[in-house]
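With chain A held as given, fit chain B onto it using these hints.
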Amino acid sequence: MTGIIDYEAGNIRSVENALKRLGAEYVLSSDTEVLSSCDRLILPGVGEAGWAMEKLRAKDLEGFVRATEKPLLGICLGMQLLCSWSEEGDTGCIGIFENKVRRFRPDIVPGVKLKIPHTGWNSITSLKTDLFDGIRENSFMYFVHSYFAEVSGDTVSVTEYGHPFSSALRKGNFMGCQFHPEKSGDEGERIIANFLKMS
Amino acid sequence: MLTKRIIPCLDIKDGQTVKGVNFVSLKSVGDPVELAGAYSAQGADELVFLDISATLEGRKAFPELVARIARHINIPFTVGGGISTAEDASVLLRAGADKVSVNSAAVRNPDLIREIASRFGSQCVVLAIDARNVDGTWRVTTHGGSRFSDRELFSWAREAEGLGAGEILFTSMDHDGTCQGYACDVYRELSRILDIPVIASGGAGTAGHIIEVLSPEGGCADAALAASVFHYGRILIPDLKRQIAGHGIPVRL
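Residue numbers (our numbering), protein chains in the order written: chain A, 1 to 199; chain B, 1001 to 1253.
Hints were generated in silico from the structure; no laboratory data involved. Positions of the beta carbon are idealized from the N, C-alpha and C atoms, including for glycine. Please note that a few of the clues may not be correct.
[Unchecked claim] Simulated crosslink set (DSBU-like; lysine-lysine; CA at most 35 Å straight-line): (1) B:Lys1060 x A:Lys20; (2) A:Lys20 x B:Lys1013; (3) B:Lys1013 x A:Lys115.
[What the hints assert, rightly or not] Only part of the chain B face toward chain A is listed, based on derived beta-carbon distances under 10 Å: (4) Lys1004; (5) Glu1046; (6) Asn1074; (7) Ile1075; (8) Leu1093; (9) Gln1123; (10) Glu1167; (11) Ser1191; (12) Pro1216; (13) Asp1222; (14) Ala1223; (15) Pro1250.
Next up, chain A with everything else stripped away, as it sits in the complex (with noise of 0.2 Å):
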């Protein structure tokens, strides 16, 4: 069983769409005798960093999500929450990751003007851990996003916009991609299976 973890965050239906294609069980959730439950847990999010950490915390989702031991994969802001900081809204987050998440800039690349949010599909390079099982270097997936994690010892996958950022993390059971593999197409799909191996 996978526990969606329910904080309001927008689009949720995507992930449990992507869930129901692959044949999955899942519930969603915000209590946290459900969740605890649960094999594996996905924290999506779509949304701003300062009200997706106020509602986290206002349901005692925080401290539940520290001290998980269960597998979690935290999905664009979702991986961003369990990142240290986020310039948005000068936010603390849940710092599982030391990772700060800063936000693009226009004008980083002298002569090229960067389009925010970066949106649209790019390649996922230097992939590491078996969420990636059967996934090339260099596929494509579907990102949408204004803020964006640093490089650290942490990042499982790299992708270049402007300068190379985190879009994926990992540390223990706990992972985090900035791109929707639910909405990446098949090999989108092929991490979230992945994902569903993992208890």
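Just chain B now, kept in the frame of chain A:
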């Protein structure tokens, strides 16, 4: 490297793909989900579904269709057509659409952009702008190009960005349906003045037109949307993407 996006656009009437779509190897041309699946398999990067239903019953079928698309399709999709309130947008986003496009209603009430963006995030708000060149000024039109508003394209695009639009989808009504190429100079200017992605629409007749509007020497657009050239099989997406890549433009293959 971030790739340029190729986006087929499907017109939906009463929950069905509009007749006239002549798509190879499809059992039921009327089923939007099957057509979307075929485009996704061919390498489309995103899809747009526009509801052009004229009746209330027809429009009621749309959210249900959106939910069905979301269950079956694993790439992002935008829905639009007749969204006039944040509640309309909310129904479609909750049904599983990734983005909504707003057009005429936002011209009447620009705050609609801010309302949707603040509730669901800028990433899901696409502002569609239709405009015609009148004596050198790009005047914004509504109701499918049939009425002029008092807005001008570039100032409206900038205002919309400020209100929280996540992308601009501009259609030149002078080029739409001509198959003679996109309004490249306009996309180039939009790309220069905006920090958000720009989607080109209207005028595609050949792969060369799409390459031109995406290229850094041409329209600098972030994505190209087209309908009939894909539906009638005049341009096949795998061939198109290989040609785009052949011109050194990053594309997802």
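(message) Just to be careful, I want the Cα atoms of Lys1060 (chain B) and Lys20 (chain A) compared with a cutoff of 35 Å; is the pair within it?
(response) holds (25 Å)
(request) Sort out whether Lys115 (chain A) lies within 35 Å of Lys1013 (chain B), counting only the CA atoms. (result) holds (34 Å)
(request) Tell me if Lys1004 (chain B) is really an interface residue toward chain A, meaning its C-beta lies closer than 10 Å to one of theirs. (result) Holds: closest Cβ of chain A sits about 8 Å from Lys1004 (chain B), inside 10 Å.
(request) Hold the hint about Ile1075 (chain B) up to the distance rule: shortest CB distance to chain A must be less than 10 Å. (result) With Cβ-Cβ at 6 Å, under 10 Å, it holds.
(message) The hint names Asn1074 (chain B) as touching chain A; please verify it with the least Cβ-Cβ distance against 10 Å.
(response) holds (6 Å)
(request) Answer holds if the nearest beta-carbon of chain A is closer than 10 Å to that of Gln1123 (chain B); otherwise answer violated. (result) OK, holds: Gln1123 (chain B) within 10 Å of chain A, min 4 Å.
(message) Can you verify the interface hint for Ser1191 (chain B): is its Cβ closer than 10 Å to any Cβ in chain A?
(response) holds (8 Å)
(request) Hold the hint about Asp1222 (chain B) up to the distance rule: shortest CB distance to chain A must be less than 10 Å. (result) Nearest chain A Cβ about 6 Å off; hint holds.
(request) Would you settle whether the hint for Glu1046 (chain B) is holds or violated, based on the nearest Cβ-Cβ distance to chain A being less than 10 Å? (result) holds (8 Å)
(message) Take the shortest C-beta to C-beta distance between Glu1167 (chain B) and chain A; is it under 10 Å?
(response) holds (7 Å)
(message) Checking hints one by one. Is Ala1223 (chain B) an interface residue toward chain A, by the C-beta closer than 10 Å rule?
(response) With Cβ-Cβ at 7 Å, under 10 Å, it holds.
(message) Quick check on Pro1250 (chain B) please, does its C-beta sit within 10 Å of some C-beta on chain A?
(response) The hint holds - Pro1250 (chain B) has a Cβ within 10 Å of chain A, the shortest such distance being about 9 Å.
Checked against the numbered hints given earlier, the structure satisfies every one of them.
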